[in-house]
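Number of protein chains: 2
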Amino acid sequence: MRRIFEALGVPNLFAEVTADALVYANLRCIDSHGVSRGLDYVVGIKLGEINPRPVIRVVRETNSSVLLDGDRGLGPPVANELVERVIEKVGSTGVAIGAARNLRDVGALGYYVSKVTRAGYIGAAVANAKARVSVPGVASPIVGTNPIAVGIPSRKRTVLLDMALSVASYGKILSHAARGERIPEGWALNKYGKPTTSPEEAVEGYLLPIGGYKGLALAMIVDILAGPVIGGPVSLEITGRGPYTQGGLLVLAIDPALFRKLEEVEEAIENYARLVKSLPRDPNTEVIIPGERATKCVEERSQRGIPLDDETFSRLAKIAEELGISVTELTSPIPNV
Amino acid sequence: MRRIFEALGVPNLFAEVTADALVYANLRCIDSHGVSRGLDYVVGIKLGEINPRPVIRVVRETNSSVLLDGDRGLGPPVANELVERVIEKVGSTGVAIGAARNLRDVGALGYYVSKVTRAGYIGAAVANAKARVSVPGVASPIVGTNPIAVGIPSRKRTVLLDMALSVASYGKILSHAARGERIPEGWALNKYGKPTTSPEEAVEGYLLPIGGYKGLALAMIVDILAGPVIGGPVSLEITGRGPYTQGGLLVLAIDPALFRKLEEVEEAIENYARLVKSLPRDPNTEVIIPGERATKCVEERSQRGIPLDDETFSRLAKIAEELGISVTELTSPIPNV
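Chains as they are written, first to last, in the working numbering: chain D, 707 to 1043; chain Z, 707 to 1043.
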């Protein structure tokens, strides 16, 4: 991916962070935000919808905050610049917030929040995306899947939540369609705003939010934070083809030392994990701490490699070939994580 | 309520803020967190589980943060002290965070977040509560309904989300039981961790989180923030009878001027409201901005008064009588809001 972006005129460091963000997602089994999404970025760059060489500009700045304009740029380099600035600030102020507007899709929010937690701080991020979520009775999307991510620093385990506010993703619906299976009730609406269990109707329709009106309200709050509050578009105003669109992004960092020593926090988290894992349950049910599943994926995929589905691999190979990148490079061993 | 708390030895200002927090909830039709909960506080004070005269202590403090110890105190005065300190700090630092531990139930989080937004800042709060929520296959509660609240300042409308992370509340289940109706699937589990539509089984069992594992993960993150991070108990460690228990509370405040002029934010929110309200929909479906329903309740109940159910009124009357407070005072007109 790095070589592909470089070949498209993306500066070296920007190409590297973009590839890193995509591989981060694949390693955690978030394949929807991995290499396949990177190939969508390629389309976006070719169409002129994504600026491959953005000049990132500071719009406002204080000791504890920064607002960036992403110059319609490839999302990961802009978001990475944002998170690095927020991490620098939180070191002196204890709590810091940054926002970026006028940028394209940033991939998995967890990538940026992980950078905050690895630096030893509590991290949180929200972003809004093109409207795809609705509620029964409304014949239009209302909000995006508007993800939220929160991470707590610990050198003993990864504690990281990174989730969209829809019950299911489009990816899940598409794989039901591919297998010829109906989708469960509660996942989607058809284009008239009526509940459906047909994956084909769902693709033309809208996703349902978690918790019905509760999830819709939460997605609206994210929309207002990432839009009106920072001067970005709201979900309904985000246009452009493909998932390389984005509204705004906010990143918050908090020094846990404001409250306790990090060692105490880590120990209390381990006690918490022991407690919830000791609860009486069916043998085939497991209570996991947010981030645990992704950690297992990293272990497995770091050793065995990242499996790409046939469609993604052939898209990747085709783009690589067009850009004169040899296929040998595509099958080289993945780096250590 | 103020007179009742004063009669129980609660200092004047503490009694006032507690009554105010309870009436805030009733005025917004959040009756579960109103006068009826205040009567639970009365029980908690009588049992010695709630300290009516807490000595609130600053554990740690910086320019942008504060950690309070609530001395096992009545929640609203402790939470109010916290939010006032956070508001004072955010004025100079642009972003500020506060936490309180060792306090009892604080009532509706929206009460405190509203104080932040009325001061012109973005506000957010999370708290953990006694474990009552679980997922299928686990024969124990795992987390509390661990509410979250977020508010955006605007002089043109209230934008405020205040929600528990369970699909339904115990209150709703109890009212189904009272009417002899089954509860919908997806609301609750029985005590063995199996899905149930019987309200009686649900009361002995657990509530289901919004979005299944997504809501559980979000509630766990809140639990970790309000517990391990600040040195409070996690949901499973919170004991004590009744809803007058609490883990910890965090309040965040952000100055919107870090990003834009408040006037610009307000105007963009109005555009947002117009946009989502103009979407094609069934005539009996309405798309509302978070906070809108509560605002309507305030208008209605400020004029007509707050209806109390018979049980709450008779409990109130009995307690008032015991404390020598005349019933005339209970039916006096409510103050302006």
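Hints are computed from structural coordinates only; laboratory data are not their basis.
Don't take each hint at face value.
Distance condition first, Cα-Cα at most 25 Å in a straight line; then the derived BS3-like pairs of lysine-lysine [claimed, not checked]:
no., chain 1, residue 1, chain 2, residue 2
1, D, Lys-897, D, Lys-878
2, Z, Lys-862, Z, Lys-967
3, D, Lys-1024, D, Lys-862
4, Z, Lys-1002, D, Lys-983
5, D, Lys-1002, D, Lys-983
6, Z, Lys-983, D, Lys-900
7, Z, Lys-983, D, Lys-897
8, Z, Lys-967, Z, Lys-878
9, D, Lys-752, D, Lys-1024
10, Z, Lys-1024, Z, Lys-752
11, D, Lys-983, Z, Lys-983
12, Z, Lys-983, Z, Lys-862
Only a predicted model underlies this, so the values are computations on that prediction, with no experimental measurement involved.
- Message: Check whether the Cα positions of Lys-967 (chain Z) and Lys-878 (chain Z) lie no farther apart than 25 Å.
- Response: Given pair Lys-967 (chain Z), Lys-878 (chain Z) is violated - Cα atoms ~41 Å apart, limit 25 Å.
- Message: Can you confirm whether the C-alpha distance between Lys-983 (chain Z) and Lys-862 (chain Z) stays at or below 25 Å?
- Response: holds (16 Å)
- Message: Holds or violated: Lys-983 (chain Z) and Lys-900 (chain D), Cα atoms, limit 25 Å.
- Response: Holds, at roughly 18 Å.
- Message: Please verify whether Lys-897 (chain D) and Lys-878 (chain D) have alpha carbons no more than 25 Å apart.
- Response: Within the cut-off at roughly 18 Å; holds.
- Message: For Lys-983 (chain Z) and Lys-897 (chain D), compute the direct alpha-carbon distance and say whether it is at most 25 Å.
- Response: Distance of about 18 Å is within 25 Å: holds.
- Item | Given hint Lys-983 (chain Z) paired with Lys-983 (chain D) - CA-CA distance at most 25 Å | Cα-Cα ~45 Å, so violated.
- Message: Please verify whether Lys-1002 (chain D) and Lys-983 (chain D) have alpha carbons no more than 25 Å apart.
- Response: holds (16 Å)
- Would the pair Lys-862 (chain Z) and Lys-967 (chain Z) pass a check requiring their Cα atoms to be no farther apart than 25 Å? holds (14 Å)
- Message: Checking one constraint from the list: CA of Lys-752 (chain D) to CA of Lys-1024 (chain D), max 25 Å. Satisfied?
- Response: Holds, at roughly 14 Å.
- Taken at face value, is the distance from the CA of Lys-862 (chain D) to the CA of Lys-1024 (chain D) at most 25 Å? violated (42 Å)
- Query: If you draw a straight line from the CA of Lys-1024 (chain Z) to the CA of Lys-752 (chain Z), is it 25 Å or shorter?
  - Reply: holds (14 Å)
- Quickly compare the C-alpha distance for Lys-1002 (chain Z) and Lys-983 (chain D) to 25 Å and report which way the hint goes. violated (44 Å)
Violated hints for the displayed structure, listed by number in ascending order: 3, 4, 8, 11.
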